[in-house]
Amino acid sequence: MRSLQPAIAEAHGWPTKRRWISRMPGRATSARPSFWSACTTYAPERRRGAPRGRSSMLPRIFFGAVFLLIGAIFLFIGGRTFLDEQLYQQRGVRAPAVVTGKALRLATSHSATSYEISYRVNPAEGTPFEQTESVDVHLWERIERDSPLVVEHVLGQPESARVVLERSDQTTEMAFALSTGGVLALIGLFVILKGGRWLSSSGGGASIPADAAAPAVAVPFGEASSVPVAHQRSFWPLARKSFGFWFGGISLLVGLPWFVVNGVIPFYADWRFAQEGRSAQGVVLTKEIRRSGNTRSETLHYEVTYRFAVSGETIEGRDELSLGDWGRLIERESADVLYRPQKPSSNRLAGDRPWLKKTFFGLLGLVFAVVGSTVFVRAVRNARLEWHLRQHGVRTQGTVTELQDLNLKLNGAHQWRLHYDYRDFHGHRHVKTFDMPQDEAQGWNVGDVGSVLYDPTRSTDAVWLGREKT
Numbered sequence: 001m002r003s004l005q006p007a008i009a010e011a012h013g014w015p016t017k018r019r020w021i022s023r024m025p026g027r028a029t030s031a032r033p034s035f036w037s038a039c040t041t042y043a044p045e046r047r048r049g050a051p052r053g054r055s056s057m058l059p060r061i062f063f064g065a066v067f068l069l070i071g072a073i074f075l076f077i078g079g080r081t082f083l084d085e086q087l088y089q090q091r092g093v094r095a096p097a098v099v100t101g102k103a104l105r106l107a108t109s110h111s112a113t114s115y116e117i118s119y120r121v122n123p124a125e126g127t128p129f130e131q132t133e134s135v136d137v138h139l140w141e142r143i144e145r146d147s148p149l150v151v152e153h154v155l156g157q158p159e160s161a162r163v164v165l166e167r168s169d170q171t172t173e174m175a176f177a178l179s180t181g182g183v184l185a186l187i188g189l190f191v192i193l194k195g196g197r198w199l200s201s202s203g204g205g206a207s208i209p210a211d212a213a214a215p216a217v218a219v220p221f222g223e224a225s226s227v228p229v230a231h232q233r234s235f236w237p238l239a240r241k242s243f244g245f246w247f248g249g250i251s252l253l254v255g256l257p258w259f260v261v262n263g264v265i266p267f268y269a270d271w272r273f274a275q276e277g278r279s280a281q282g283v284v285l286t287k288e289i290r291r292s293g294n295t296r297s298e299t300l301h302y303e304v305t306y307r308f309a310v311s312g313e314t315i316e317g318r319d320e321l322s323l324g325d326w327g328r329l330i331e332r333e334s335a336d337v338l339y340r341p342q343k344p345s346s347n348r349l350a351g352d353r354p355w356l357k358k359t360f361f362g363l364l365g366l367v368f369a370v371v372g373s374t375v376f377v378r379a380v381r382n383a384r385l386e387w388h389l390r391q392h393g394v395r396t397q398g399t400v401t402e403l404q405d406l407n408l409k410l411n412g413a414h415q416w417r418l419h420y421d422y423r424d425f426h427g428h429r430h431v432k433t434f435d436m437p438q439d440e441a442q443g444w445n446v447g448d449v450g451s452v453l454y455d456p457t458r459s460t461d462a463v464w465l466g467r468e469k470t
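First residue of the sequence shown? That's 1 in the working numbering, and the numbers climb one at a time after it.
Note that these hints are calculated values from the structure, not bench results. Do not take every clue at face value.
As the list claims (entries may be wrong) - Straight-line alpha carbon distances no greater than 27 Å define the calculated DSSO-like cross-link-like pairs of lysine-lysine that follow:
#1 Lys-194 / Lys-358
#2 Lys-343 / Lys-358
#3 Lys-241 / Lys-194
#4 Lys-241 / Lys-409
As the list claims (entries may be wrong) - Cβ-Cβ distance ranges computed for the label pairs, FRET-style:
#5 Arg-91 / Gly-312: 41 to 49 Å
#6 Ser-118 / His-301: 43 to 51 Å
#7 Tyr-268 / Ile-289: 25 to 33 Å
#8 Gly-126 / Trp-355: 57 to 65 Å
#9 Val-446 / His-301: 22 to 30 Å
#10 Trp-355 / Glu-402: 45 to 53 Å
#11 Leu-165 / Arg-105: 16 to 24 Å
Where is the CB? At the ideal position from N, CA and C, for every residue including glycine.
Using the sequences plus the hints, can you model the full thing?
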């Protein structure tokens, strides 16, 4: 009987070869919902022009609010710097000053290295005053006691005095913060306003009955069928409705760069320095403990800046060390530096490297990349299969055999699994499953009949259509 299948398919004009179609996820014998089937659950179909459900709009509004909040933080940081600069331009007064002293405050577990200078300001009007300011290491090295300076301060606020310098780096950071914050805030505001207008116009996002989204084309049972998605030239619209498409895609986009940056690049750098690294004597400039994360899971980064010379060229670098190596180094004292002769700008401090952290973060990124790519590819394959069946599949009747609560939420909607069986044109019985939101599942009972599309060349592949409107 199986040998007659290609001939029967050819007589009906059905496809006789399957080069890319894979099996649909989920087996009827599975008592518990699997991670893979949850990741390939599709959102309910909706007609062209029909309103979206509340559950599909609220996540967008949430992400819009997140974008707006992050943009507001960037705008606050850049705006405060901009207002300070405007204050100095409008009310700033310049005056000569003389350096009275300089000091180096070594780094501790609570503070970073600080290069300080003290100077006496002699304003054209008013009483002379003294000020102490933390400055860049390069300025600290250039000036000596009794060196002349030019400072500026806000009129009537002597404590606001600062050394007049070229602040190109500060201007660049300010422009970046303002532009980034503005773009993020506009995106977030647009998404929130669009979602708010939809909620107000749809009366709060009332849910649509399950049968209202059913396809509108009826074709005799046992014949090739083309349902409303048949006009689509690609399966991507179906794929974009899959949770696995977004979960897997985002995990892959985050995990792969994370694996490369925190795993591949650090270990590759270790190998290159071990193969061709040269040693040089440098001097420690600053030490700093940078904190990342939150108060519950805070990560400490022990960073050092240094300077060394190669072939008459002075090069500065920054490196992250272990706590022990960081504590042994002292500012303004010598330190061993490794550099690559072909590229001296690629350099690092000599010493043991914290391999455990980069191994952990590299493996973490690899896990996200592997899981994300697997889920993404599976979701795309299933969307491609469904798209193919909706264009070339055979339409038949399926009977609901079981309704199962998955105890799972996707996009805020509780998910159920509908078990059904159907018979192909050989009379063979097949059992499949289909996941759907709870409000749609409540419209079905055991024994109800719905439409099913299956592949004539592989009858075990099918898609549940449910009730169709004529």
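To see whether the hints hold, each was checked on the structure:
no.: 1; hint: Lys-194 / Lys-358; result: 42 Å, violated
no.: 2; hint: Lys-343 / Lys-358; result: 24 Å, holds
no.: 3; hint: Lys-241 / Lys-194; result: 20 Å, holds
no.: 4; hint: Lys-241 / Lys-409; result: 15 Å, holds
no.: 5; hint: Arg-91 / Gly-312: 41 to 49 Å; result: 46 Å, holds
no.: 6; hint: Ser-118 / His-301: 43 to 51 Å; result: 31 Å, violated
no.: 7; hint: Tyr-268 / Ile-289: 25 to 33 Å; result: 27 Å, holds
no.: 8; hint: Gly-126 / Trp-355: 57 to 65 Å; result: 59 Å, holds
no.: 9; hint: Val-446 / His-301: 22 to 30 Å; result: 59 Å, violated
no.: 10; hint: Trp-355 / Glu-402: 45 to 53 Å; result: 52 Å, holds
no.: 11; hint: Leu-165 / Arg-105: 16 to 24 Å; result: 20 Å, holds
Hints 1, 6, 9 from the earlier list are contradicted by this structure; the remaining hints agree with it.
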